[in-house]
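Spelled out, the chains give:
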Amino acid sequence: MSRVARSMAPSHAEDVVQETWAAVIDGLDRFEGRSSLKTWVLRILSNRAKTWIKREKRLDLEHIFTEEAAVEETAVAPERFSRIGNWSAPPAAWSERTPEAIVLRMETGMLLARVVEELPQAQRIVVTLRDVEGLSSDEVCDILGVTEANQRVLLHRGRSKVRSAMERYLSEP
Amino acid sequence: MVITCRELTELATDKKEGVLSGMDRLGIRVHLSWCTRCRTYLEQMDLAVDALAALPDEAATDEVVSDLVSRFESKKRTPSE
Numbered sequence: 001m002s003r004v005a006r007s008m009a010p011s012h013a014e015d016v017v018q019e020t021w022a023a024v025i026d027g028l029d030r031f032e033g034r035s036s037l038k039t040w041v042l043r044i045l046s047n048r049a050k051t052w053i054k055r056e057k058r059l060d061l062e063h064i065f066t067e068e069a070a071v072e073e074t075a076v077a078p079e080r081f082s083r084i085g086n087w088s089a090p091p092a093a094w095s096e097r098t099p100e101a102i103v104l105r106m107e108t109g110m111l112l113a114r115v116v117e118e119l120p121q122a123q124r125i126v127v128t129l130r131d132v133e134g135l136s137s138d139e140v141c142d143i144l145g146v147t148e149a150n151q152r153v154l155l156h157r158g159r160s161k162v163r164s165a166m167e168r169y170l171s172e173p
Numbered sequence: 001m002v003i004t005c006r007e008l009t010e011l012a013t014d015k016k017e018g019v020l021s022g023m024d025r026l027g028i029r030v031h032l033s034w035c036t037r038c039r040t041y042l043e044q045m046d047l048a049v050d051a052l053a054a055l056p057d058e059a060a061t062d063e064v065v066s067d068l069v070s071r072f073e074s075k076k077r078t079p080s081e
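In order, the protein sequences belong to chains G and R. If you read the first sequence in our numbering, its first letter stands for residue 1, the second for the next number, and so on. If you read the second sequence in our numbering, its first letter stands for residue 1, the second for the next number, and so on.
Chain R with its partners taken away, still in its complex shape (with noise of 0.2 Å):
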């Protein structure tokens, strides 16, 4: 089971997902003992995540919130039946 270094750049996804046949699990490890262009590649795609996911949060505009405030405040003069 021979792995290309461009058949594992289409396979990274499914490797971090966990979704991948025993064959190709073997074919990756195998390339990946003696690849470190491929290792660099996964360790870019993991950074990218990682990334994505330390994006600052955006914070509610002035509008967005008093519009919340004051619909919180209608609802509570009208309890629900």
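For reference, chain G alone in the conformation it holds in the complex (with noise of 0.2 Å):
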């Protein structure tokens, strides 16, 4: 849950994470079980975190994921490829195979987690409820109330860049 409240609101995550669980107890008689108890948690710590992300900001979150997907970007360098788009230096083979032994190697996780604070919101949003968290596309989308399109391109441009961290830790000289 704290995860979570950091990717979205980092300067109010204590907030939203107290205030998730105040609303979580008041609500829990009224949980219906027609979703998950994790995404029905989620959706709630969401609506709090979009109040601060609007206040401080003073920006809804949609507006901030609609820009955001906006800005023209690239999943690898482009000076990578030649001329004709083939690769001029291509991916090398990676020292570790597993994921296990990619987040061992990652000083346990600990360089990953900070690879992914510091993508840009919205992309950090999406790869933590997405691929951290295990959520699916509709269930992201359904609890952000952001456009599927824009989710994917947030998501592959996130996951390319986690990628491309990796790629420094990992590839073989």
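If you're looking for bench data, these hints aren't it; they were derived computationally from the structure. Heads up, some of the hints might be wrong.
[Said to hold, decoys possible] Simulated pairs of lysine to aspartate or glutamate, EDC-like, Cα-Cα distance not exceeding 20 Å:
hint: 1; chain 1: R; residue 1: 75; chain 2: G; residue 2: 19
hint: 2; chain 1: R; residue 1: 16; chain 2: R; residue 2: 57
hint: 3; chain 1: G; residue 1: 50; chain 2: G; residue 2: 73
hint: 4; chain 1: G; residue 1: 38; chain 2: R; residue 2: 58
hint: 5; chain 1: R; residue 1: 76; chain 2: G; residue 2: 26
hint: 6; chain 1: R; residue 1: 16; chain 2: G; residue 2: 139
hint: 7; chain 1: R; residue 1: 76; chain 2: G; residue 2: 73
hint: 8; chain 1: R; residue 1: 16; chain 2: G; residue 2: 29
hint: 9; chain 1: R; residue 1: 16; chain 2: G; residue 2: 133
hint: 10; chain 1: R; residue 1: 15; chain 2: G; residue 2: 73
hint: 11; chain 1: R; residue 1: 75; chain 2: R; residue 2: 63
hint: 12; chain 1: G; residue 1: 38; chain 2: R; residue 2: 57
hint: 13; chain 1: R; residue 1: 75; chain 2: G; residue 2: 26
hint: 14; chain 1: G; residue 1: 50; chain 2: G; residue 2: 139
hint: 15; chain 1: R; residue 1: 15; chain 2: G; residue 2: 138
hint: 16; chain 1: R; residue 1: 76; chain 2: G; residue 2: 29
hint: 17; chain 1: R; residue 1: 15; chain 2: G; residue 2: 148
The task is to assemble the complex, starting from two chains supplied on their own in separate frames and drawing on the hints.
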């Protein structure tokens, strides 16, 4: 919960978590099991975080998503391709080839967690909910109130950055 | 339908999400049949996603836990209407 809160509203994560717990405890009797408990809790958390974001930035989350998705950005640095679009600096093999070994190698995940924290806001939120927390694309769009297309563009850029950060730690010389 | 390496890196997530057009799906399949570099790239994208899922959970701090316990107890004392 605090991980998701930090991804959405880093400077008010504690407030968001506290408000969410209070709302969850108050509303538990009304939980009808139409979604999983996890998505229900995260929807409450997302609403609290949105309020903080709006208070702080005077912008709706949806607006932030649309703006960030509209920025031109490539998955891989353009200089790694030739003029006709073939690899000129192809990806090197990695020293670790299982997720567990990678996490261990990246200081038991601390470095990896930092990579996520340093993503731009909307990418960070999508990567945290989709990949770290394991929610589906439908759940994420529903919880955040963003379009599937924007969600997918931001997921793509976020994941591409995570891969390229891992490359720095794991590429064999 | 020829797909370059550069184009393939931009289609990686659409492929994983299962939202490729028929043309792109075919183009990628043909491309991967000869391009080991892009096969490596897609494997690394998959590994990146799987590693994110393998991040250890964060334990709740003592403060959060004791705060929760006291909230639950005060709720028990004043059952909701």
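Consistency of the hints with the structure:
Pair hint residue 75 (chain R) plus residue 19 (chain G) holds up; C-alpha atoms about 15 Å apart against a cutoff of 20 Å. At most 20 Å may separate the alpha-carbon atoms for a hinted pair to count; residue 16 (chain R) and residue 57 (chain R) exceed this at roughly 25 Å. Under the criterion of a C-alpha separation no larger than 20 Å, the hint pairing residue 50 (chain G) with residue 73 (chain G) is inconsistent with the structure, at around 25 Å. Between residue 38 (chain G) and residue 58 (chain R), the direct Cα distance comes to roughly 15 Å. Compliance with the 20 Å bound is thereby established for this hinted pair.
Of the pairs offered as hints, the one joining residue 76 (chain R) and residue 26 (chain G) holds, with about 11 Å between alpha carbons and a cut-off of 20 Å not exceeded. At roughly 17 Å between alpha-carbon atoms, residue 16 (chain R) and residue 139 (chain G) fall within 20 Å of each other, so this suggested pair holds. The hinted pair formed by residue 76 (chain R) and residue 73 (chain G) fails the criterion: a straight-line CA distance of about 52 Å is larger than 20 Å. For the given pair, residue 16 (chain R) sits about 38 Å from residue 29 (chain G) by alpha-carbon distance, which is inconsistent with the 20 Å threshold.
For a cut-off of 20 Å, the pair hint linking residue 16 (chain R) to residue 133 (chain G) stands: about 17 Å separates their Cα positions. Note on residue 15 (chain R) and residue 73 (chain G): the hinted pairing holds, with a Cα-Cα distance of about 19 Å set against a maximum of 20 Å. Taken as a hint, the residue 75 (chain R) and residue 63 (chain R) pair is honoured in the structure, with Cα atoms around 18 Å apart against an allowance of 20 Å. For the hint pairing residue 38 (chain G) with residue 57 (chain R), the CA-to-CA distance comes to about 14 Å; that is within 20 Å, so the pair holds.
Among the hinted pairs, residue 75 (chain R) with residue 26 (chain G) is consistent with the structure: their alpha-carbon atoms are about 8 Å apart, no more than 20 Å. Simply put, residue 50 (chain G) and residue 139 (chain G) have alpha-carbon atoms about 16 Å apart, close enough for the 20 Å limit, and the pair holds. Between residue 15 (chain R) and residue 138 (chain G) the CA atoms are separated by roughly 17 Å; this keeps the pair inside 20 Å, and the hint holds. Note on residue 76 (chain R) and residue 29 (chain G): the hinted pairing holds, with a Cα-Cα distance of about 12 Å set against a maximum of 20 Å.
Pair hint residue 15 (chain R) plus residue 148 (chain G) holds up; C-alpha atoms about 15 Å apart against a cutoff of 20 Å.
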